[in-house]
Every structure is written in C-alpha cells, then in structure tokens.
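Starting from the known structure of chain A, fit chain B onto it as the hints suggest.
Chains as they are written, first to last, in our numbering: chain A, 1 to 473; chain B, 1001 to 1209.
Honestly, the hints are just simulated from the structure, not real lab data. Check the hints yourself; a few may be wrong.
To be verified - Straight line, CA to CA, 20 Å or less: simulated DMTMM-like cross-link-like pairs of lysine to aspartate or glutamate: (1) A/Lys325 to B/Glu1191; (2) A/Lys32 to B/Glu1004; (3) A/Lys325 to A/Glu11; (4) A/Lys297 to B/Glu1004.
Claimed, not checked - Covered by chain A, according to a simulated footprint, are these stretches of chain B (three or more residues, beta-carbon under 8 Å): (5) 1002 to 1008; (6) 1011 to 1021; (7) 1095 to 1103; (8) 1169 to 1179; (9) 1182 to 1193.
Cβ atoms here follow ideal geometry from the backbone N, Cα and C, with glycine treated the same way.
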Amino acid sequence: MSAAFDQKIHETVTDPRLQLAIYTATGRLIEKRRGAVDDAVLPDYQELRTQANAVKQHTIENLDFYLEQLEENVTAHGGKVVWCQDGAEVADFILKLAKERQAHLIVKSKSMTTEEIDLNERVEKHGLESVETDLGEYILQLAHERPYHIVAPALHKTRYDVADIFERTLGVEREEVIEKQTKIARSVLRQKFLAADIGISGANFLVADSGAIVLVENEGNARLSTTAPKIHIAVAGIEKLIPRAQDLAVFLKLLGRSATGQPLTVYTSMLSGPRREGEIDGPDEFYLVLLDNGRTKVLADEEKRQALYCIRCGACLNHCPVYRKIGGHSFPWVYSGPIGAIITPQFMGTLHEPGLPFASSLCGACAEVCPVKIDIPQILLDLRADIKEAETKQGTNRWERLAFRMWSWVMRRPKLYEMASMMAASLAPSNDGYIRNLPGPMNVGPVAGWLSQRDLPVPAARSFRQQWRRRRR
Amino acid sequence: MSREAILQRVRTALGRTGGAPPPPPAVRIRIPEVAVDDRIASLRAKVEALAGKTLLAGSPAEAREYVANVIAARTAVASNAPVLAEWGIAALPGVSTGFYDREELRVACAAADFGITAADYALADTGTLVMFSSQEEARLISLLPPVHLALVPRERILTGLDELLTLHPQPMDRSCSMVLITGPSRTADIEQILVRGVHGPGEIHVVVV
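Only chain B is shown next, with the shape it has when bound in the complex:
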C-alpha cells in the first residue's frame, strides 16, 4: 500500500525507526496588555483601513437601528445566533432566518443582498472576525451575499491571534471550521491592482455592541 511505502521511505530517509520524537521547540505566543477601549479603537481602525465599515453601538437597540438602516428593507439572511434574535435583528423587515436545511439556506443566501451574523471573537491588531461554524452559525451567510454584517459583543474583542490560540489551543475541538475574516473579499490577480468583492462579500460592516 502507498501508506506503508511512503512512511517507510520517510523513515529510511530520516534514519528513524519510529517512536516519539524529541519535544518540538516551545510554542511562541505573545499576548500584549491592551485595554478594552484601545482594542475597540484598533479593531475599528484596522477594519476601516481595509475599506470595511464599523460602528460602536452603545446598546443592542442602537445596533439594531444601524442594521435596519443599512439593509433598508432589502433582503437579508440572518444566522441562528441567539444574540441576533435577542437584539431583535433577526426580526427586522426583509430579514429571513431560522434556516436548518442546507438547500434552503443556500438558495436564500445566493439571492440575499446581505448576510447577518454574530462573530465569536474579533482580533484587534488585525481587524479580524473569528467565526466557528455551528448550528447557530452557518458558513455561507458570511460568504454568498455581497454584503456581510457582523455583530460582536465588546468583551469578545481579543488582542490578536496569539490570544485566540491561547483561549482555543485546539480550535477543532470546538468546531470543524474556524474562519478568520479580515476585511472584504479582494483580489489583485490582474496587474496587482486591488479589486474588492471577488467571490465573497465586497463590503463588510463590523458592529461592536
């Protein structure tokens, strides 16, 4: 079998007889101390530098109003995240939610103008949303519609990747898909000229609540 053949070639090449190796170099993780307000400021600055839009909402009602204004009764798909229901966002005019069937979700996302999701975390130093997929959070909602709106509770803003990987040293224990989203979809494949919105959303709104 190819498995045995390859492993045998690897062992022969390395002069190894199997068994556990010496310990790998110690993990290199550095978490800076950054106050929550500074994290919010950094997150917003980074998202905006990538042409994303941000809002610091003082209350869920303010967040809901912002979302309502942005979608302006056009069509949106909202994820099943409990906060979206709790904050009344999933019930806004034009918003459909509660998809548990793959085909129905796919059809709705392919037709919708907006995808509305929560985010598990945001990373302040790069302007990144962190999304674990689950029954509450389908993958296509942040991917198929041309605009993505994401809501993040302010206490979920981490300093950066290092802090995320400290909280979740084994991300796959939590979900089979962890996606980091840093700004709108883009390409520079033709002449290294930047174009937004290739396959994913060309516009992203991050609402910190």
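One chain only, chain A, in its complex shape:
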C-alpha cells in the first residue's frame, strides 16, 4: 500500500463529518435500490440480471463486429465516428473542431469517461471554457475536486459545504437551503446552455443496430447539452455497446433501479446523428468519440474482461463496507469502490496502487447487487495474484516471501507447528481476550501494523489437535 493511499484513508476514517455524510447518502441509496428490485415490484429481477450478463458477455466477446456495425449506422444517420486511443487524441479532436467552428463555450453533461481523461483540464488549457452542468458535477468543478461517487458525484458535500463553495466562487449571498442552492445553479447554468457552442455528453449505452447513444439522467442537463448547442459530441468507452435497441428493455430496467431505485430515470434520451430534415431544433453536427484508453488491455484477459460489462450504476459502491468507510477520494483513480478496485489496476497497470485489490474483505456484497453479475471478488483475487507475481519479478517482496516460505515449512511439520502455536499463545500478552501486540522485538513493522488494526482472539487454552487426541483416547 502506498503512503498516499494510507494517508487518504486515515484522513477519511478520522473525519466524523465525512463519515456521517458518506454513511447517510449511501444508506439512502441502498434503501432506494432495495425497494425497486424487491420481489413484489420486480419479480423477474434475477432473470433480467442473467439476461444482461449474457448479452454483455456476447457483446464484449465480439466487440470488433459491433463497433463496426455501430459506426456504419451512426454514419448512415449523418453522424461521424471518431476513434481515439487516449485522452490526448480526444482533446486534439475537440480543440481542432472548436477552432474550425470558432467555438469557445462547451457545456458538459455528466460523464465518467471524460473524467477519466481529464477532458476539462485538457481543453481549458487551450482557452476554451468547459462547464459541467450536472448539479453535483458543477459543485465539484467549482471546488476543483473529482467525483466522489460514480452516480452521486458530490455525495460527500453537505448543504453547508455547497453554501461555502457558491459564496466563494459565484459571488452570491450565502444560501444554505438546498432548493435555493439548486435555483442558483439553474439560473447560472441556463445562461451557459443558451450561449454554448458545443455540448459534450457521455453515453450510458451505445446501440449497435441503431447507431445510437442512450443517455440516462434526472435533471435535464443532458437533454439540454445535446439539444441547445449546434454541435453535439458524445464521448464513450468502446465497451458501452449493446447489440440491439430491444436490449434496452433489459438494461434500462436494471440501471435506474440499481443506481437510484428508479424504475426509469426522469429522462432517457436515445439519440442518433444530427437533427433531420425539417426538424426545428437539435444539433447540426453529431460526433461520437469512441475511446480505448486501456480498454483493449482489459479485453485481452479472458477472466478479468468481465469488468467491462459494467453499466456504472454505482450499486457496488453503496453496498461496499470498505467504500462506506474510506470514501471515494481515497481511491487512487476516478473510479472508486469495488468496480474502481478492479478496473484501476487493469487500466493503469498492476502496480499503480498495489494496496488497492487488498483493501477488501471479500464479503461479496458487490457481486450480489451487480445488475450485470460481474464476479468482482474473484477478479480481486486474480488481481492480488497478479500483484504478488509482479512484485516477485521486481524483487520487492523478498521478506514477505521468506516469511511465507517459513510458515509453509512449519505448517508441513505437525509437531513443529503445534509447538510454535503453543509458544505463540503463551507469549502473547492479553488482558481483554485479544492479542494487541507481540512482546518486544517481535512487535515490529507489518506485524505491529496488522495487530493494531485487528481483533486477533487469543488461542483456546487447548488446541484442536490436543482436544482431538484426548477424545480418541
């Protein structure tokens, strides 16, 4: 575990205000989801999950075919597909287009994919103004922070934090009522929508047979971003594909319910290409940016590629006991929670944050609530193995290997093992039934760290082996 990871975790778990904010918000999301997938309201929930998993598996395993089909259909509807290998290529495309069209102002609807490539920073460096329009994202843009949660980006901010941020950055009078804060954002952003030259959105789904993107939202900012400006650019990871529009009957039912407990979110937009002949509004130009940025690396691993089935509902974050303690900003990349723990090492490299896949109790809550049935705990285990292998190759885990070799040597010698465990039991001081530290020189480094954070019960007075022998007599 890196010192930075450790430090951020420590800061979060020792901040009572933050702990309460995370716990309350995720708790509400858990309740909302539970009510929406309950047997009484959605008896075929498990069937829908199974179907979603099968469709995603099929799509990912034949991704090249569906990408080409998508491109063909987008083009047929008058849109343009732009293939980008990384964030720099996306920024280059947008900057070039903005220059050609003399565009200055961009309105953005919420998109984790654009967060992943720091799109705002990249284009603002070159003099463009890029405004986040989702309320949570807008608050974070003003505060210069990255999203705390995939679905509820400003989950860690209270109304008082928002009052501070608005007062400081917008020069408005201090306002602590949430409804009024929302009105402030509405009026500032309304002007931006009406003046914007370019609207940038993400895509919740890419529909191959329709050449379409699907956007799911509650506020209306995605609709405005894709309707008001003359140019619409959608930026999506190549894994967002589903084969057919009819598959939406499954995925839309799962996404809203898993994310916020809504059978359907307020707005679901299915969009393909620029406005057509005779239409009064809508964009004149439509571009779909298909982003790799490491996804093809993930694809190469037959077991772990199921991480690409993710539809970004955030349910695994809300239900994760680790996320609920350490929060979103402790995670080393924009994707947090269990899904972040399995995609970060695959996108950013195995040793990007070696502590990450280990920061899990493997309780399995994430897999249980995942609407597309990603086996997150299994992938975490695979990633742990990858990390140990990489560390061995680098020679950075010699002491750990030596310790485990000794352990294994002792384990294979029953007499010795028994003696060692008796010794350990008698040596370990305890006054509350738990071992808190080892005597003097043994209480060092990882041993001390491990014991200080865990409740290790004192071994029973008579070991299992001793009891067994006694019974057999």
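Relative to chain A, chain B alone:
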C-alpha cells in the same frame, strides 16, 4: 490511424479474425395483458406518485378547458402537433405556436411559463411520456419552460417499455431523438435530498384524452 489500431487490438485480444459472430442471446421482451382502463389508472397513479398532475379528459373540449385554466393566460409555447391545433389548444390566449425557426423557438421557450406538447405514447407501468422529435414536436418545448403540459390520446397508452420497443424495434428509423420523460426534472445531488425542477420543468401535467 487510431481506428485500425483500436480494432486490431480488439481482434487480437479476443482472438477474432473478423466476420459475423454467433447470434446474440434472444431478445427478452415481456408484454403483459392490461386493459386500457387499467393502463390509464396505472399511468395516472405513477405520474402522481412522482408529483406530476394528471387529468382524464372525456373530450378534447374538456382537455382544452383544463389547459386554459392551468395556463390562465400566462405565456405558453405549443408544439406544432396537429392535435393541439385540432383541439383548439394552440389557439388559447397566451399560447404561441407555429415555430419553425430554431432561434425564434429557443427565445420563445426560454421566456415561456408553459410548454405544451402532444406525446407519441405513454407507458403505463412507469408513468412515462414517449416523445419522438420531428417538425411537429420540437425538443425544447418540453425542456426549457418551467412547466410541461402533455396531451396523450388514450389509445396511445402502452403497457410499458417492452411494448414500445416491440412497436418500434428500431426507434431511430422514425426520428433521431426519442426521449422518455418520467416525472418532473429532479436531483438529489446535495445530501440525497430530492429537489424538483433543476434544468428541466419542475412541474408536469399529463392529460389523457
């Protein structure tokens, strides 16, 4: 080029050489049998549960009267949907209609108190309006004004999403924009507390005719 590089990496990763894949899993569509009256009841209950208002109008005249009362001569923009003209709604006091120019429409919508549209369908099980954009139905009318009034003929009420996607297996053949609207615009981005009317309308009226 990046296109070839990405596609090549995808094929290599998957061990595919191109060509058509095996058929995808069969589509999963389930359409329940629900009588029209029950669909109307369900639609109204769902819209009202989301704090929307509904009316079951026995005649176009009743619908017109309702709309007239709601807008009460304040300003409204009505879409070019033929039924709105036919039912006399587009001609109500305070209502402007017949916009075919984008800039004019945008200015009118940004200033209007109400946006009046028809809906292509409504979905009974979720309380959803389905709107395909076209020359008759601009997108901003249901989006910029703070209140949205939508009129749906009763025979256009479908059981749900599955039935919609059966009637329109390729929605983009009909329009480049299909929007499903389920209740008023809302957010819970601050403390997971619900607030209505963020960027879209904070109030929605669904009139079944």
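**Request:** Just pull the numbers of the violated hints for me, sorted ascending.
**Result:** 2
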